[in-house]
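Next come the chains, spelled out residue by residue.
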Amino acid sequence: MLLNSLKFFERTKLNLVSKIFPVRQTEKLFLDQIEIDLRETQINQIGIPSISIPTVTKDFCPLTPEFVDLQAVPSYTRIITCQNSQCLQKLRLTIDEQCIGKQLNIRCPTCRYSFIYNLSRDELIEDFTEWLKKQFCYPEIESFPVQLDRPRTPGKSYRQGVEKYKQASLFGEHEVDNKCIHGLKKSWCTICIQKEKQERERTSKVDLFDLVFPILQPPLGENFDSPIAFPSGFELYPFQRLGIKFLVDHERALLADEMGLGKSIQAIVAIRFLIRMGRITNGLILCPKSVLTDWEKKLWAWAPELIIVKVRGPKEQRQICWNSGANIYLTTYETLRQDLSNSIGNSDSEDVVKKDFDIIVLDEIQKIKNPSTDITKATRQINSPRRWGLSGTPLENRLEELISIFAYLKPGLLHYDNASHPSTVKKAIKPYFLRRRKTDVLDDLPAKNCDEVWLELTSAQREAYDRAEKEGIISLNEESDSVTVQHVLALITRLKQICNLEPVSNESCKLEYLIEQLDGISEENAKALIFSQYPEKTLRNIEPGLKQFSPSVYHGALSDSQRDKIVDEFQNKDTCKVLLMSVKAGGLGLTLTRANYVFHFDLWWNPAVAAQAEDRAHRIGQKKTVYVTSLFTVNTIEERIQNLLNRKRELFASVIDDLSDVNLSKALTEDELFSLFNLQKGKRSDSKSSSKKISSELLNEILPQQFEELISVLYEKMGFHVKLTPQTRDKGVDIYAKRVSESGTELLAIQCKHYPKGTVGVEHARALYGVIHDQPNITKGVLITSGIFSKDCREFVKGKRIELFDYSYVCGLMEKYNIPFS
Amino acid sequence: MLGFLALFETLSKDGYLGTVLVTDFQGIPQEFRCTHPVKPTIIQKPLYGDMLEPYIGVNLCGIPLFKSIQNIPSLIMVDKEFLLDVRKVISCPVIFIRRAGEAIDLKSSNTAETNLIRERIDCTTGRFQPLTLTSHPDFSDDITVARDILGKIFSYLDPIEPFERMAKAIEVLGKQDKRFQ
Numbered sequence: 001m002l003l004n005s006l007k008f009f010e011r012t013k014l015n016l017v018s019k020i021f022p023v024r025q026t027e028k029l030f031l032d033q034i035e036i037d038l039r040e041t042q043i044n045q046i047g048i049p050s051i052s053i054p055t056v057t058k059d060f061c062p063l064t065p066e067f068v069d070l071q072a073v074p075s076y077t078r079i080i081t082c083q084n085s086q087c088l089q090k091l092r093l094t095i096d097e098q099c100i101g102k103q104l105n106i107r108c109p110t111c112r113y114s115f116i117y118n119l120s121r122d123e124l125i126e127d128f129t130e131w132l133k134k135q136f137c138y139p140e141i142e143s144f145p146v147q148l149d150r151p152r153t154p155g156k157s158y159r160q161g162v163e164k165y166k167q168a169s170l171f172g173e174h175e176v177d178n179k180c181i182h183g184l185k186k187s188w189c190t191i192c193i194q195k196e197k198q199e200r201e202r203t204s205k206v207d208l209f210d211l212v213f214p215i216l217q218p219p220l221g222e223n224f225d226s227p228i229a230f231p232s233g234f235e236l237y238p239f240q241r242l243g244i245k246f247l248v249d250h251e252r253a254l255l256a257d258e259m260g261l262g263k264s265i266q267a268i269v270a271i272r273f274l275i276r277m278g279r280i281t282n283g284l285i286l287c288p289k290s291v292l293t294d295w296e297k298k299l300w301a302w303a304p305e306l307i308i309v310k311v312r313g314p315k316e317q318r319q320i321c322w323n324s325g326a327n328i329y330l331t332t333y334e335t336l337r338q339d340l341s342n343s344i345g346n347s348d349s350e351d352v353v354k355k356d357f358d359i360i361v362l363d364e365i366q367k368i369k370n371p372s373t374d375i376t377k378a379t380r381q382i383n384s385p386r387r388w389g390l391s392g393t394p395l396e397n398r399l400e401e402l403i404s405i406f407a408y409l410k411p412g413l414l415h416y417d418n419a420s421h422p423s424t425v426k427k428a429i430k431p432y433f434l435r436r437r438k439t440d441v442l443d444d445l446p447a448k449n450c451d452e453v454w455l456e457l458t459s460a461q462r463e464a465y466d467r468a469e470k471e472g473i474i475s476l477n478e479e480s481d482s483v484t485v486q487h488v489l490a491l492i493t494r495l496k497q498i499c500n501l502e503p504v505s506n507e508s509c510k511l512e513y514l515i516e517q518l519d520g521i522s523e524e525n526a527k528a529l530i531f532s533q534y535p536e537k538t539l540r541n542i543e544p545g546l547k548q549f550s551p552s553v554y555h556g557a558l559s560d561s562q563r564d565k566i567v568d569e570f571q572n573k574d575t576c577k578v579l580l581m582s583v584k585a586g587g588l589g590l591t592l593t594r595a596n597y598v599f600h601f602d603l604w605w606n607p608a609v610a611a612q613a614e615d616r617a618h619r620i621g622q623k624k625t626v627y628v629t630s631l632f633t634v635n636t637i638e639e640r641i642q643n644l645l646n647r648k649r650e651l652f653a654s655v656i657d658d659l660s661d662v663n664l665s666k667a668l669t670e671d672e673l674f675s676l677f678n679l680q681k682g683k684r685s686d687s688k689s690s691s692k693k694i695s696s697e698l699l700n701e702i703l704p705q706q707f708e709e710l711i712s713v714l715y716e717k718m719g720f721h722v723k724l725t726p727q728t729r730d731k732g733v734d735i736y737a738k739r740v741s742e743s744g745t746e747l748l749a750i751q752c753k754h755y756p757k758g759t760v761g762v763e764h765a766r767a768l769y770g771v772i773h774d775q776p777n778i779t780k781g782v783l784i785t786s787g788i789f790s791k792d793c794r795e796f797v798k799g800k801r802i803e804l805f806d807y808s809y810v811c812g813l814m815e816k817y818n819i820p821f822s
Numbered sequence: 001m002l003g004f005l006a007l008f009e010t011l012s013k014d015g016y017l018g019t020v021l022v023t024d025f026q027g028i029p030q031e032f033r034c035t036h037p038v039k040p041t042i043i044q045k046p047l048y049g050d051m052l053e054p055y056i057g058v059n060l061c062g063i064p065l066f067k068s069i070q071n072i073p074s075l076i077m078v079d080k081e082f083l084l085d086v087r088k089v090i091s092c093p094v095i096f097i098r099r100a101g102e103a104i105d106l107k108s109s110n111t112a113e114t115n116l117i118r119e120r121i122d123c124t125t126g127r128f129q130p131l132t133l134t135s136h137p138d139f140s141d142d143i144t145v146a147r148d149i150l151g152k153i154f155s156y157l158d159p160i161e162p163f164e165r166m167a168k169a170i171e172v173l174g175k176q177d178k179r180f181q
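Read top to bottom, the protein sequences are chains S and A.
Residues in the first sequence are numbered from 1 upward in steps of one, following the working numbering.
Residues in the second sequence are numbered from 1 upward in steps of one, following the working numbering.
The set of hints was computed from the structure by calculation and includes no laboratory data.
Where a beta carbon is used, it is the ideal one built from N, C-alpha and C, also for glycine.
Worth double-checking, as some hints may not be accurate.
Stated by the list, open to error - Facing chain S, a subset of chain A residues (Cβ under 10 Å, in silico):
no.	residue
1	Q30
2	S68
3	V145
4	I149
5	G151
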């Protein structure tokens with residue numbers, strides 16, 4: 001209709017356009033019912049759990065808040081209708097995650113009709129109500145005690161009261177003992193037995209308030225001038241006060257005053273001073289066995305308020321001693337070594353290993369001059385912030401000894417490389433070293449007159465001596481290739497003993513001289529000390545000849561009480577005029593000022609040992625001039641040795657007393673010893689010196705048997721007599737090595753393990769320990785390998801009589817002793 | 001005999017120990033007692049406030065300690081002013097001593113010092129610095145007793161020094177036994 005109303009042209013144009021660009025008809029859309037319906041809404045719901053009544057906790061202390069990572073774990077609910085058309089009850093279905101997608105067998109609680117219901121996740125409603133109930137608790141109200149508890153008031157009255165005497169009962173206590181509060185016999189009740197044990201342990205320990213008693217004392221004052229500082233009659237010399245100040249000011253110190261100047265007293269007073277200042281609480285004093293009682297007496301005298309525990313006796317007793325509280329523990333080097341050895345691996349014991357000492361004092365510290373001895377190793381295990389050494393002769397032979405001493409006193413101060421530089425050592429130790437001589441500090445100490453008496457051997461002695469020397473030299477010459485220093489020393493010992501006394505006829509020029517002298521000494525009511533290094537071969541044999549002077553013999557085999565008794569009698573009884581002493585056992589620490597005559601029946605190699613012995617008499621407390629007489633025989637080995645000793649004496653004086661530059665590395669050489677008998681040692685090793693030196697590669701190539709032979713050669717070179725055991729059934733020992741020296745016999749049990757580049761385990765050390773454990777005659781066991789040792793193995797041997805030599809150490813020894821590898 | 005009563009903090013600063021030392025007139029210890037530490041909780045501390053130390057020092061430590069000693073001293077010296085309150089319970093004169101001119105901890109002083117009776121004594125030998133004595137306000141006669149006693153001993157004994165010994169002893173006890181830590 002519209003088109004007809006248009007003009008023709010317009011209509012034609014429109015038709016044309018419509019043909020070229022036809023108008024597209026619009027689409028008609030019809031919405032389905034499903035598309036129109038709105039989707040059912042999903043309902044989330046949370047039920048509010050009821051609020052519980054706040055409660056009061058039993059624990060009054062507020063707890064540290066606990067942070068919990070919460071993880072929302074909903075349950076699901078769905079309202080369904082019972083499918084019983086008669087019922088149509090609406091049911092609330094609560095299910096867990098696991099049930100989704102499964103067929104649920106539902107029984108209507110109203111009509112008891114059962115039907116199967118399948119549900120999908122879409123039908124479920126998430127419900128956090130139960131989860132919230134579990135996670136969120138309402139806070140509990142805490143209650144805190146306001147009242148502070150009244151503390152106990154332990155303490156002690158130090159006034160001596162009268163102990164209440166308790167009348168013993170014949171029957172009453174017995175009856176009570178049998179009854180136990182648990183209705184059992186006391187001996188049957190484990191609770192009561194345990195209680196009694198604890199009570200015993202508690203009461204055996206020292207009261208804590210006794211330990212603090214010294215701290216509660218009035219201060220001693222810086223100059224020890226307080227009227228209550230020392231018991232009456234005890235006074236210090238000015239030089240001793242300086243020594244005490246030196247010790248107090250130095251945590252690490254070596255007090256090397258000459259013998260008899262009261263080093264132990266200075267150490268005791270310094271310890272007492274530190275304890276009373278509260279700077280230390282407890283300490284350990286180690287000393288030689290011979291002076292243990294002397295130390296104890298001095299501690300009682302100079303520090304009566306301190307609690308002293310002397311650790312001696314059987315193992316069980318020592319254990320109790322270590323466990324009891326004390327200000328000072330006093331024991332010997334040997335006891336410490338034993339107890340350290342026993343306590344390793346014994347975790348239950350509460351003994352020396354677990355003790356912390358505020359201070360350790362080493363009397364006669366030259367005992368640890370040799371770093372390889374067990375005593376040195378044991379002592380070095382004791383750690384303490386304060387370490388003091390006392391010695392009148394810290395340097396006996398070589399500078400290495402002083403270095404070893406300072407390795408414990410002040411680790412890192414000196415190195416063994418310093419041994420060839422005495423000036424370096426002198427400079428390094430100076431701040432920690434104090435030495436005074438009697439001549440410098442004791443104007444009123446009586447003089448010490450030293451004299452040498454040279455005697456002719458009796459005819460029987462001369463005959464025996466010449467024969468022994470001739471046979472000895474012939475023997476040494478015959479074995480010139482294998483002769484060692486030990487062979488020479490053995491001959492010297494034999495000859496010196498003949499110089500003292502001819503064993504068959506008992507003739508002795510020295511004894512004859514001594515009896516003459518002692519007659520005069522006895523008449524003037526004086527007393528004499530006679531020292532020898534041979535308690536059995538000399539002292540025992542001359543004792544009958546001195547019977548008229550009621551002599552006592554003091555030697556190393558005596559018990560503590562026997563030693564104390566002898567010293568006490570000599571000091572206090574007029575009848576005992578002469579004391580025969582082993583220079584080793586009696587030369588250290590003892591005070592024997594009752595004697596003013598000292599005779600050296602023979603002399604030790606080392607002049608320092610002789611000087612120590614003389615100073616038993618020449619020390620503080622001596623009122624008379626001390627006469628020291630050394631007995632020698634002319635045209636004997638003694639005369640030749642004396643020349644060597646004079647040289648050593650000069651050395652000692654120059655380094656320790658003046659700290660001058662002297663090369664101390666070899667005070668007594670092998671050559672000097674051989675020259676005593678006009679022997680030459682050169683040819684034993686020179687011919688082979690050009691041989692190829694051992695190297696680790698070559699060590700790896702040899703057979704086990706060759707390795708054992710190599711070790712035996714090494715020990716021969718070291719001066720031992722060696723004996724190889726059979727290859728099979730060797731009872732755990734490959735080589736026995738024995739060496740006799742002036743200090744005794746050394747017997748080693750050596751086990752070789754040829755494991756090139758391998759590791760020797762603890763089982764081998766255990767096996768060796770099993771062999772030597774029950775054989776006290778074996779000085780120590782040595783486990784040697786061409787490989788290395790496991791950590792367990794190294795741990796196991798600590799504190800035991802076993803040494804470990806690994807391949808590098810063996811190679812070092814081979815080179816040192818110039819062992820040819822062939 | 002002389003008595004010295006003090007209250008010390010533990011090494012860990014979480015408690016207090018009361019101690020009493022009884023000496024003769026030479027300063028030689030005759031009896032020493034100390035309490036196990038009283039350790040107030042973090043709640044108790046603010047609840048007691050400023051009264052915490054006086055309460056512990058007097059009620060929990062001072063009075064029980066004094067009752068436990070076997071040697072009754074003729075004068076008790078305390079190192080904190082609040083400890084003077086033990087005088088309310090015990091019959092022995094109690095005096096608070098401090099070096100003359102020493103700064104006062106106002107926090108521990110529960111009384112304005114001007115209200116208390118004070119007296120200064122000097123060492124006749126000049127060996128020790130002068131002391132200021134303070135008695136409990138209700139027991140003003142104590143200061144007379146203290147002056148008489150201290151006048152005799154102050155030439156050779158410094159009454160402040162024993163408190164240092166007690167502190168060291170407490171330190172050692174703490175190291176030796178956990179019950180005193």
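### Query
For which of the previously enumerated hints does the structure constitute a violation, in increasing order of number?
3, 4 and 5
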